[in-house]
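Novice: Take a look at the letters that make up each chain.
Protein chains: 2
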Amino acid sequence: MSRFFSEKYKNLTPYTPGEQPKDMKYIKLNTNESPFEPHDAVRQAVENAAGSLALYPDPECRELTALLAKQLGVDTEEVLLTNGSDEILNFAFMAFCDKSHPAVFPDITYGFYSVFAQINGVPYSEIPLRDDFTIGINDYFRSGKTVFIANPNAPTGIALTVSEIEEIIINNSESVVVIDEAYVDFGGESCIPLIKKYDNLLVTGTFSKSRSMAGARLGFGIGCKALIQDLNTIKYSTNPYNINRLTLAAGTASLNNNDYTVQNCRTIIENRQFTAEQLQKLGFSLTESSANFVFAKHPKISGKELYLKLKKNGILVRHFDKEKISEYNRITIGTKEQMQALINEIKKILEEQV
Amino acid sequence: MSRFFSEKYKNLTPYTPGEQPKDMKYIKLNTNESPFEPHDAVRQAVENAAGSLALYPDPECRELTALLAKQLGVDTEEVLLTNGSDEILNFAFMAFCDKSHPAVFPDITYGFYSVFAQINGVPYSEIPLRDDFTIGINDYFRSGKTVFIANPNAPTGIALTVSEIEEIIINNSESVVVIDEAYVDFGGESCIPLIKKYDNLLVTGTFSKSRSMAGARLGFGIGCKALIQDLNTIKYSTNPYNINRLTLAAGTASLNNNDYTVQNCRTIIENRQFTAEQLQKLGFSLTESSANFVFAKHPKISGKELYLKLKKNGILVRHFDKEKISEYNRITIGTKEQMQALINEIKKILEEQV
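Line by line, the protein sequences give chains A and B.
As numbered in our numbering, residues 1 to 354 make up the first sequence, in order.
As numbered in our numbering, residues 1 to 354 make up the second sequence, in order.
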């Protein structure tokens with residue numbers, strides 16, 4: 001730390017992204033990426049855009065915004081595109097939280113929420129998940145706080161229904177409710193249609209998971225016009241050209257090839273089912289995941305030990321040290337072959353256990 | 001504005017980027033882009049990267065950081081890459097300014113500085129340029145504030161020497177001095193070597209101008225290890241994957257083809273010389289620009305009127321309403337043909353003036 005670093009950040013612990021090791025080639029099941037590359041039309045669109053980099057991108061991202069709005073059944077003024085969904089989440093913490101509007105979220109959820117709160121000087125509280133790792137919706141009613149809920153939740157994969165989300169929204173009419181739908185395409189229900197009914201709902205999404213575009217960085221927020229205006233004020237006061245031309249082209253091509261995304265999601269869901277069954281046969285307990293990962297623990301081997309042994313043998317999964325979930329690992333769903341390799345490796349590891 | 005927008009932003013006026021109109025094809029001399037596309041190797045590198053978008057980019061940007069560090073003669077720990085240089089500037093306002101460390105910058109400079117200050121709740125003061133639009137370095141000595149200076153300055157294009165910058169740094173040993181070198185490659189002197197001597201110097205740069213990559217969004221900050229650590233804390237608390245794979249590939253290819261950039265800068269400098277001479281012949285007065293633009297006014301036509309007439313005739317330049325400079329226009333230097341077209345158009349406009 002330098003002697004110049006602002007006092008306000010001196011106790012800040014930044015977010016730790018999942019490992020991106022370069023020491024060897026892993027089967028990478030640790031950061032919930034897609035095992036499939038985007039549709040070939042995305043590659044083609046990027047190649048076409050690669051010849052025009054000298055001019056700034058359109059700061060309003062008009063073409064891609066219009067296309068996304070149309071597909072989601074909302075107006076263009078109800079959409080804001082960002083440099084990954086971390087950016088829209090940070091904007092939401094900036095715009096809708098402050099000392100008099102604290103944040104609230106589950107104790108077990110996307111680990112970045114507490115970091116966003118801290119960097120923005122926002123007080124926050126964490127509500128424990130119930131013992132079965134589900135979210136107790138009543139715990140969020142009349143919170144007097146800005147609510148952040150990942151749906152499906154991470155790292156559990158457990159989803160709330162749209163009507164449960166709606167109850168949270170109705171019972172927080174004086175606060176913004178942010179629903180982070182990063183994983184919604186793998187079996188969850190999107191609550192985007194509710195933005196037409198409630199002025200306090202912001203839904204965030206990403207092209208990183210179901211659309212296979214983690215490497216291109218594209219996220220979005222959907223909410224009523226006034227909420228999106230506020231978020232635009234933040235954007236135009238921090239980084240107006242936040243999305244580059246290549247990513248804009250890639251996003252457009254992705255949306256023009258939705259069948260491919262739908263098919264990939266179907267495959268991931270099948271592979272999740274396969275993986276869950278195999279793990280259960282091996283004695284694991286799993287949460288009921290609607291996401292592109294499973295969350296599993298085994299009675300005979302600690303979460304940390306399994307993670308380390310898998311890593312040693314070339315398979316990366318994500319382990320969290322947090323006490324309540326330290327027995328678990330979050331395992332991204334890849335191809336059938338990758339999941340079979342994982343199962344084989346786990347079998348070996350379990351056989352070595354006494 | 002929504003009823004939920006945080007009080008702290010209610011008086012915020014966002015930055016207004018230069019126009020990116022879509023109504024017709026303009027000769028675009030308003031946002032200081034390069035008239036040349038990047039080297040063909042950049043296009044090629046993007047095409048190669050376009051097939052690998054499913055995985056997150058390296059959050060540490062190791063390859064590109066190492067290459068940039070090597071070329072600039074600094075260590076990798078002295079470099080931070082960002083999503084355009086607006087992001088590194090915002091990070092600097094976050095990290096090194098607060099209520100007890102206000103910001104100071106010239107009254108005429110990059111218009112975003114005051115917006116960054118406002119969004120971060122940082123008090124700021126503006127020091128008037130001298131009558132000839134130069135920066136009086138003594139005005140910044142012992143400021144007790146975080147100093148932001150664009151060198152060359154915008155929109156004047158006037159540069160300070162490295163020894164003048166060094167005096168500002170020495171005379172602010174208890175504050176960070178941020179030197180924004182967005183335009184340095186067109187005739188300015190970089191003060192990057194000074195980071196080895198002073199722990200209070202941060203230099204920012206961009207690939208948008210001399211490297212023709214405004215559409216790809218790539219900026220950077222150079223400073224001592226401790227300053228860069230602080231900025232990394234901000235990055236990892238807001239958007240760890242801030243640079244996408246395509247831009248990383250483009251940046252690497254650009255650095256591997258520096259001769260091309262040097263040649264383009266030489267051409268821009270020649271075209272600037274040509275443009276300045278032609279404008280002077282037509283009665284304009286100009287500041288002495290070391291950037292890829294000129295800043296010019298004419299005794300017979302107001303800045304606004306000239307801007308509007310040029311726009312009507314298909315040529316976009318940048319006009320600022322700020323009183324002190326409202327008689328001027330900032331004109332980006334393009335190709336010789338573009339500048340000739342500008343001169344021809346201005347001749348016509350002046351002939352029509354009574």
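Check the hints yourself; a few may be wrong.
The list treats identical chains as interchangeable, and a pair is accepted whether it falls inside one copy or across any two copies.
[As the list claims (entries may be wrong)] Here are the simulated BS3-like cross-link-like pairs (lysine-lysine), alpha carbons at most 30 Å apart as the crow flies:
1) LYS300 x LYS70
2) LYS197 x LYS311
3) LYS336 x LYS225
4) LYS225 x LYS99
5) LYS70 x LYS347
6) LYS300 x LYS311
7) LYS297 x LYS197
None of these hints come from the bench; they were simulated from the model.
Novice: Each hint needs a verdict: does it hold in this structure or not?
Specialist: Do the hints match the structure? See the list:
Taking identical chains as interchangeable, the C-alpha atoms of LYS300 and LYS70 are never at most 30 Å apart, the minima being 50 Å within one chain and 50 Å between chains. Neither within a single protomer nor between protomers do LYS197 and LYS311 lie at most 30 Å apart by alpha-carbon distance, with minima of 47 Å and 43 Å respectively. For the identical chains of this complex, LYS336 and LYS225 are neighbours neither inside a copy (42 Å) nor across copies (45 Å), given an alpha-carbon limit of 30 Å. Taking the closest pair of Cα atoms, LYS225 and LYS99 come within 30 Å of each other only inside a single copy of the chain (25 Å); across copies the shortest separation is 32 Å, beyond that limit.
For the identical chains of this complex, LYS70 and LYS347 are neighbours neither inside a copy (47 Å) nor across copies (47 Å), given an alpha-carbon limit of 30 Å. Proximity of LYS300 and LYS311 under a CA criterion of 30 Å is satisfied intra-copy only: 18 Å inside one chain copy versus 74 Å between copies. Within a single copy, LYS297 and LYS197 get their C-alpha atoms no closer than 40 Å, and across copies no closer than 53 Å, so neither meets the 30 Å cut-off.
Of the numbered hints listed earlier, those contradicted by the structure are 1, 2, 3, 5, 7.
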